[in-house]
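In the order they appear, the protein sequences are chains A and B.
Just so you know, the first sequence maps onto residues -10 to 499 in our numbering.
Just so you know, the second sequence maps onto residues 29 to 318 in our numbering.
Please keep in mind that the hints were generated in silico from the structure rather than gathered at the bench.
A virtual CB, placed ideally from N, CA and C, is assigned to each residue, including glycine.
Hints are not guaranteed to be accurate.
Restraint ranges, calculated between C-beta atoms of paired labels, are given here [said to hold, decoys possible]:
(1) 184(B) x 456(A): 52 to 58 Å
(2) 246(B) x 15(A): 21 to 27 Å
(3) 100(B) x 205(A): 56 to 62 Å
(4) 302(A) x 260(B): 48 to 54 Å
(5) 33(B) x 488(A): 31 to 37 Å
(6) 33(B) x 192(A): 24 to 30 Å
(7) 36(B) x 192(A): 27 to 33 Å
(8) 461(A) x 93(B): 38 to 44 Å
(9) 45(A) x 241(B): 36 to 42 Å
(10) 246(B) x 205(A): 25 to 31 Å
Chain B regions said to be covered by chain A (calculated; three or more residues, Cβ under 8 Å) [unchecked claim]:
(11) 229 to 243
(12) 281 to 293
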Amino acid sequence: MTETKKSTDTPTDAALADARTKGADGIVTCDACPVLCRIRPGKTGACDRYGNVEGRLVRMDPFVVTQKIAAADGRLVPFFGQDWDGNPISGRTTFVTGIGAGTTYPDYKPAPFIVSSEVDGVDMVTVVTEGIFSYCGVKVKIDTDRYVGPEQAAVRVQGEQVGHVTTAEYGSQMLAIGGVRHLTGGSKKEGTVTCDTLLTLCNKGAVEMTIDGGATLVVQAGRPPIINGVQEERMRVGCGSATIGMFARQWFGHADEVIVVDDHITGVLTEHQAGRFLDMRPAGIRVRGRKSTPGRYFQVANPGTGWGGTDITDPLQIIDKIDPKVAWPGLKLLMVSTTGEHAAWYVLDENLQPRPAEMPPEIRKVVERIGENCEPALCTVLFMAGAGGSLRAGVTENPVRLTRSVRAALTRVTSGGAPVYVWPGGGITYMVDVTLMPDQSFGYVPTPAIVAPIEFTLRLDDYRALGGHVEHVRPLASIATEPRLKLAAWRDDNPWPVTPPAAARKGAAE
Amino acid sequence: MNGIQAAILPDGRRLHLQHGPIDLVIRADGAPEEVRAAYAQATAAFQDVLGTLVRELAMLRAPLGDTRPPVEGPVALRMVDACWPYRHEFITPMAAVAGAVADHVLEKMLAGRTIERAFVNDGGDIAFHLSAGWRLNCGVVADLTAPSVDGTIALTAEMPVRGIATSGRAAKGRGGRSFSFGIADAVTVLAADAAAADAAATMIANAVDLPGHPAITRGPACEIDPDSDLGDRLVTLDVGPLPAAAVRAALAAGAARAEALRRTGHIYGAVLVLQQQFATVGARVDRLAA
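Extracted from the complex, chain B is given alone in its bound form:
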C-alpha cells in the first residue's frame, strides 16, 4: 500500500484522491466512458505528485529571489511560475502549491479526452475546464472557520478564468491549514489558472491588514509548525472584534492590491471578506449577504 486513496464519492459522480496532505475532489461531465477514462488518467497522474514535490521541497520552501530555483517537477514548475511575479516581496513557491496541484491533475485528466466540463478542487483551490456554452457556479465562502456558501460567482466559458482560489487567516489548528501575514477572513481570487489564483490570493490576503492593531495576535509561524516556509516571521494567530471603520480600512488596503493585480493582468477579479464586510474587485458576486 502506498498510502494513496482513490474512491468515487457516495454521490457516484465525483472522484476523491488523497495522499498525505493533498485532498482532491474531482468531477468531470461528459460521456460516461470519457469520464471513466478521465478519472483513470487523473488517478494515474496523481500517483507521483506528492513524491515528486517532496524531492524538491527544500527549494520550494525557500523564498524566491532574482534567481529562478532549478526545479524540474511539473507541479513545482507551475508553483514557481505562479509566484514569480511576486519575487521582489516575500513569497515562497509553496504559496501556489494547492492551485498548482489542481492545475496539473486537471491537465493530465483532460489530455486526449472529450469532456464538457470538469473541476479539480484541492481544498478550495479549484482548477476547472469549461467547453463552449458551459458555465460553472462557484460558491464563495466568507469565513473559513464557519464555512457556508455566502455567495456565488457565475463563470462562463467565454471568461478568461480557469482557476479560483481562496486564502484566509484561518491558521493551522484554527480551522485552516496555512498561515497569513494579514487578517482577511477570506480572499477569493479568479485568475487564468488555479496556481495564479492561489499565489495572488495569498498576496492579497497579506495586504488586508492593520499593522500594530491591538486586537490582532501574531506569533512566529515556526512555533506552530517547525517546518513552515515562513520561518520565524510573525503570522496572524487571532483577530478580535474590530471597529467597522478599521475593517473598512483593512479591506481597502487589500482591494487596492487586488485592483493593481487586476490592471496588470495577473488576476481577473477578487472578493475580500473581513468580519461581515466585503469588497469586490472585478468580479460580480450574486447574493452575497455578508
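So that you can see chain A by itself, here it is in the shape it has in the complex:
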C-alpha cells in the first residue's frame, strides 16, 4: 500500500477544509476524488481503492517498486512525487515488482510493464506482470512433532475443506492448502473460503484451521504454530534415538537410564548402541511399543500433544515393566522429551517403583541443552503456482521460448522481487517463500483465483531473441510518472535480480 502524496483529482479547497474539520476518531479524509470519503481506521472508502491504514490514507492496490537502501543515510530516496530529489533512477538500486502491475478489477488488466534498465553496460529488461492463478496453492511446513492429524486428512477453515495433511517431513508436519480442486472444483463457498485462506496466508496473516480427526491450528508465516491453543516453541533436536546418541556421553555417570520419549522413535539409553558403547549396565526398564533395533521403539503411545508428540502426560505410562532380575533399588532414571520441554527425574525405591526426585543440576543442564539445540518452531508458507500460457504470452509472442530461456538461466524469475525455485520439467511452475516478499503482495479475483506478482528479468538482446514485445519496452525512468507507485525497501538477503547472468552464455538459448 502506498501513502498518497497528493490528490489525483481536485476537490474544491472549501470542500476539503470542511471535510477535514470533521476528522476525529482516527478518521482520514480521502482527497483522491471529489467524494471526499471519511474513512475509519481499517476501512476503505466508497471506491475500495483507498483506505485508512493506521491513520494514513493509502492506495489499496499500489504498484510496488523496490529500492536498495542508499548507503549514505540508510533511507529510501523517493523518486516520484514532490520528494523526488531528481536523481536518475538506476537499475543498480531500483527494481520494479509485479505487485499491483495488474488490477483486481474483473476483466480489466492493463498491459504488463516491460521496463528496461542499464546495468554494468548491459541493457536489462524486466517484464513485470501479475499472474491470476487458479492452479496455485501453498505448502505449509509446521515445525512440530505434535500430532496434527492423519496423513490425507482434510484441512478445514470455517468448515470448508481447503487442503489436506500431506507427507510429514523431519521434525515438521506438512499441509497442502489450496489448489484448483478446492478453488474452483468444489462449491462456491469452498472456493471463496479457500481463496481467502490462501490470500491471508500469502499476505503473512494468521489462519485458524481444523484437521479432521486431528488438531486445531493457527498458522502464520514466520510465526510459531499454535496447536490446540498451545503455542509451539521449539523443534525437536532429533528423534528420540538421535537424542540419545547426541547426549549419551553427557548423561553418562549421572544417570543409570535415560528414556527419550518421542512419537517417532523412543530411545532407551542402556539398550541403545550409544549406551552399549559406553559399557552401561542394562537397567531392565522395558518400554511399550514395537522394538525396531536395540534401544529404539516405535509407537510407545498414541500421537498427541503431550510428551514428544505423543498423547502421554505421565511419562511412566510408557513403561511396560521393570525387570526385578536386572533393575536395582536406587537406579536413577531420566525421562525427557525430544525438545527438553518435558523432563522428569526418578529414583527406583526398594520395590523398584520409580519415585519422583529432584533433578540433579548436571542432568538439568543437559535437559536445558536439548532445548537450546532445538531451533525455534515456525510455520513457513511457500506459495506455489504455474505460469500459464497466457501469462507467458504477455512476455513473448512465442511462450515456449520463455520457458526454455528460464531453463537456460538466461531469464531470472522473481516474485515481488523474491527469488523463486522453478520446478524442473515442463512449464514455469515455481515456489516462493512469502516472507521474502513485500507486504500485501497478493490479491485475488472473484473467480476465485489468487493474483501474485511475477517478474522475468533478462538481457534486452536475449529478450529480442525470444520474440519479446520489444516495442513495449519502456525505460525505467519513465515509471516515475506512474500513478499509485509505492516504494518499498529491498530485502538485502534477496539476490538482486537485475544483474546480467554471470556466465553470460550468449546464444545458449538459441
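Fit chain B to the known structure of chain A by using the hints.
Relative to the frame of chain A, chain B by itself:
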C-alpha cells in the same frame, strides 16, 4: 490529470470508465464508426458525473420526505424520481445512485447514434438498450460474496424492461459496497430503467428479513462508514446459517413486497436469493440451479 480513467478493455470491444467509486463497463453493438462515436459521447458525458453528484451529495444523502429535494443535476433528478415512490418509508436518493448513473450515461451515449444494442453496467446495476429483434441474456448472481452466474434472464426488445439491478446484504468490507437492513444474499430486479430497478431492489432486499433472529448480526451503519446515508440505523453485518423454514419465511416476506411493486407497475419482475433458496416474481429465470 483529473483522475478519470477511460480505456477499452483487453477484449477490444468494451469501454471501461472509472472515476472515484464509479466503475462502468460499457458495450455498444452497431456499425464501428457509430460505436466509436457512442463511446466518445459516453466518455464525454462521464466527465462531470461525479463532480455534479458531489455538489448535491448532502441532499442526496438525506432521507426523502414529502418535500422534493431541489436537486438539479441530471443524475440526481433520476435518483430522486426513482426513490420518490418509497418516500413514506426510510429511503435516501443514494439507493438509486448506481442505476441512475447507468441510465444517464446510456442516454447520452445513444443520443443521435444508431446502435443496435448497448449496455452500461455500473457495478451490477445495468441500463441497456435493445432495438427491435435484439435480445440480451442477463446473468443472475445469487451470492455477491461468491459471484458466479447462477441463472440467466432472457430480455427481448418487446419487454418493457431497460434496467436491471441487484442488491444484497454483502456489506462494505465483506464483498459488497453498500448496506442493507435485510438479509437477502441477492435481489435482482427488472424494471423500466436501471434507477427504478436499483431503488426497488434496495427496498425488496430490506424486506427479506427475520427481525430479531439470533443468527443475524446487526450494527450501526456509521460505525463502518461514518458518511453512510443510513446514519446510526442498524444494518445487517453478518448472517449465520438459517434453518430452511426461516429462509422460506424471509424470502416470502421479500416476495410479497416484490409482488406488490409488480402489481403497481414499479417493477417488471424480481429474483430473490437467500442461502441456496430462491423465489421469483414475474420474471422467468432459466437454469437457476440454486
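Okay, the hints, checked on the actual structure:
no.	hint	result
1	184(B) x 456(A): 52 to 58 Å	47 Å, violated
2	246(B) x 15(A): 21 to 27 Å	24 Å, holds
3	100(B) x 205(A): 56 to 62 Å	59 Å, holds
4	302(A) x 260(B): 48 to 54 Å	52 Å, holds
5	33(B) x 488(A): 31 to 37 Å	36 Å, holds
6	33(B) x 192(A): 24 to 30 Å	26 Å, holds
7	36(B) x 192(A): 27 to 33 Å	32 Å, holds
8	461(A) x 93(B): 38 to 44 Å	56 Å, violated
9	45(A) x 241(B): 36 to 42 Å	39 Å, holds
10	246(B) x 205(A): 25 to 31 Å	29 Å, holds
11	229 to 243	violated (count 0)
12	281 to 293	violated (count 0)
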